[in-house]
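Let the hints inform the model, and build the full structure from the sequences given.
Protein chains: 2
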Amino acid sequence: MSGVNVAIAGATGAVGEEFLRLLALRNYPIKSLRLLASARSAGKKLKYKGEDVVVEELKADSFKGIDHAFFSAGGGISKEFAPHAAQAGAIIIDNTSAFRYDAEVPLVIPEINPQDAFKYGERRIIANPNCTTIVSLLPTFPLHKQFGLKRAIMSSYQAISGAGAQAMEELQQQMRDWAAGKELTVKHQPKQIAFNVIPRIDAVQDNGYTKEEMKFLWEGRKIMHHDALRATATCVRVPVLRSHAVSLTLEFEKPCTPEQAREILAKAPGVIVQDDPKSELYPIPLERAMKDDIAVGRIRQDISVDDNRGLCLWAVGDQIMKGAALNAIQIGELLLKK
Amino acid sequence: MSGVNVAIAGATGAVGEEFLRLLALRNYPIKSLRLLASARSAGKKLKYKGEDVVVEELKADSFKGIDHAFFSAGGGISKEFAPHAAQAGAIIIDNTSAFRYDAEVPLVIPEINPQDAFKYGERRIIANPNCTTIVSLLPTFPLHKQFGLKRAIMSSYQAISGAGAQAMEELQQQMRDWAAGKELTVKHQPKQIAFNVIPRIDAVQDNGYTKEEMKFLWEGRKIMHHDALRATATCVRVPVLRSHAVSLTLEFEKPCTPEQAREILAKAPGVIVQDDPKSELYPIPLERAMKDDIAVGRIRQDISVDDNRGLCLWAVGDQIMKGAALNAIQIGELLLKK
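Residue numbers (the numbering used here), protein chains in the order written: chain A, 7 to 344; chain B, 7 to 344.
Bear in mind the hints are in silico, worked out from the structure with no lab data behind them. Here the structure is a predicted model, which means the values were calculated and not measured. Any given hint could turn out to be false.
Given that identical chains are not distinguished, each listed pair holds provided it fits within a single copy or across any two copies.
Said to hold, decoys possible - The calculated lysine-lysine pairs, modelled on BS3-like cross-linking and capped at a C-alpha distance of 30 angstroms, are: (1) K188 x K156; (2) K156 x K193; (3) K343 x K85; (4) K273 x K53; (5) K343 x K260; (6) K193 x K55; (7) K70 x K260; (8) K344 x K217; (9) K284 x K197; (10) K197 x K260.
Written out as C-alpha cells, the structure reads:
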C-alpha cells in the first residue's frame, strides 16, 4: 500500500492533538488527512508536519475515500458515526469505550494480541483499550504467558488529564489560586483535586465498582484471551498532570521470581524495566510523560502467597500516548503491514 | 489518679505540636508539663492552654517525677533516652519505630488491643504503631473479628506531612514556584513531589519491600495477635498535605457481604462509614484532615475471590492525629482509666 487516507474524528481534543503529533513523528504513510470535529470547531486550523489543516464538521458523509478513521470524540459520537465510516469503506480505530465489550469488535494492544486487529469483520471497527488497562497489561501479559496469571489486584494513581483537558486545566487553576491565596473552584471534578485524591473514576456500577475498575477485568480477559482471569481494581485520581501509575499484585499458576520477571520484562515489547529502588530508580509519572514505553519497577516476590506464586510490581505510562493515541496508531500500523 | 506529670520529647516537631493541641483539647489530666527537644530548640516557648511553656533540652535527667513520657523525636532519641525515662519511673509511649518489633514491648491501637497497653513490663515502654498501619487496621480489625482475615493487600496514598515538616514545606514551595513559573527545587524527597507520586517510602529491604511496606505486615500481626496473617503492601507518596489513604483488598475465612461490613464498621470504635459513591460520598484526604476517626468507603465484594470471601475498601485518616499523636494520647488515657 503506498499510503492511506486518514481521518481523525475528535481532532481538537487532547488525544486528537497527540494523534497529529504522533502520526507525523512516526511517518504514518498519509496520502490525505481529514480532521473532523463538532460544528463549533469547524474552520479551526491545526498543524500537521508544519502545514495548516482546516478542521471540518464531522458528518455522516465525512468518510468518503477514507482508509483509516481514528475516533476519539466520546462514545456517543463513535456510535453515531462509525457505521457511516464503515459504510464508506474505512476501518475505524475507536478510542472510546463504545464498542470495546462487543464480541464482534476486536480490542487490541499490538504487543499482546496483534492477530485480533484483522478480525474487524463487516462492522470494520477495532477498539482501543482503556488507558489504565493498557498501562497494566503491558507488563502483566509477558508474565502471564510464562507463569499463567490466575488473579490480578490493581490500585491506580491516575493523572487528571485522563479526565480531559478541562479537568487538567482545573487542577492547574486550583494550584495557581492556592499559590495566590485565593479560594479554589471545583467544577469539572467531583471534588477538589489539588492536594487531594479522588477514589471514584467513571460511573458507579450496581456491584459498587466503578466502570473504570470493571474495565480492567473486562478488557484484560478479552485482550489476553483469558476468560478465567480473576481481577479486582480500585481506581483513584491523583493530582498529577500526565501519566497513570498502577500498583499490581499478581498471582500465578507457576512459581516465579523477581529475577525471572525482570529478565522477561526487559525483553518485552513496549516495556522498560526501571528497578533499583535503593538507588531511587523506579518509574514515576513525571518522568514517563511523552514516552512511548510503559515503565515497570518495584518488582518483588509477593510475600503474602505461598511457593513464590506471586509478584508485586509498579507500572507507569503516559496514558495519552501508549494509553490512547500511540496504541491506536500502532493498530493502524499493524493493518498497514499486512 | 488526680493527675499526671507529662513530658513530650520532640515537642517542637509536627507531631509534638499535635500532642500539645490534643492534650489540651481532650483535657488530659496534666499536673505538670515538660517540653523537651534538642539543645537547638531549648528556650523556645510553646503554648499549652494559652500559656507559655519553655522548651528544655532533652537530657538523661529530664524525666524526674514524670508519669507519662511521649516520645516523638526519632528512633535514635527514643533508644537513647527511653531507658532513662523508665529508670525515673515514667511510662514511655513511643511514637517511633525503635521498639515496635521488640517482643517485650506492646504495640497498641486502643480500639484493637487495649489490654496490651498494660504489658509494658520493666522496660516501661509502649509503642505507637506506624501511621499507615493505624489507618489500615482500624477498619480491618472489626472485619477480621467477624470473618477471620486470611490475607490483606494494601496500596497506600500517603500525604507528604508523613515525611516531616520540611518535606511538607517542600511540596508547598514547589507549588508556589510552579505557579510563579520558576524552576522547582528538590531537597527533602527523592524526587519532585508536586504533580508526581513516589513509590518508595522509607528504606528498601533486601526482599525488595520498603520498611514502610513491611510495617503493615509486622505490625498487623502483632497488634491483631494474628501470626498467620498474610499481607503485602505498596506504599506511595502523593502530593497531598495531610491524611493518608489506603486501598485495601481483604480475604476472609468466612463469607461476608458489603452490607454486613457496613453494619459492622458503622458500630466500630474510631471508624466512620462514608459509602455512597453514586452520590459522591467516599473518604478523601482533604476532608479527613484534623478529624479523629478513620473514614471508610467504597466497600464492595471482591469479585476476584470465590464464595464472597473477599472485600475491597478505601480508608482515609489524618496520619498526624489518629496515625500518631491521638493514638499515643489514647494509650495514655487507657493507662489513666486503670
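Hint compliance check: list the failing hint numbers for this structure, sorted ascending. The structure conflicts with hints 1, 2, 4, 5, 6, 7, 8 and 10, although it agrees with all the remaining ones.
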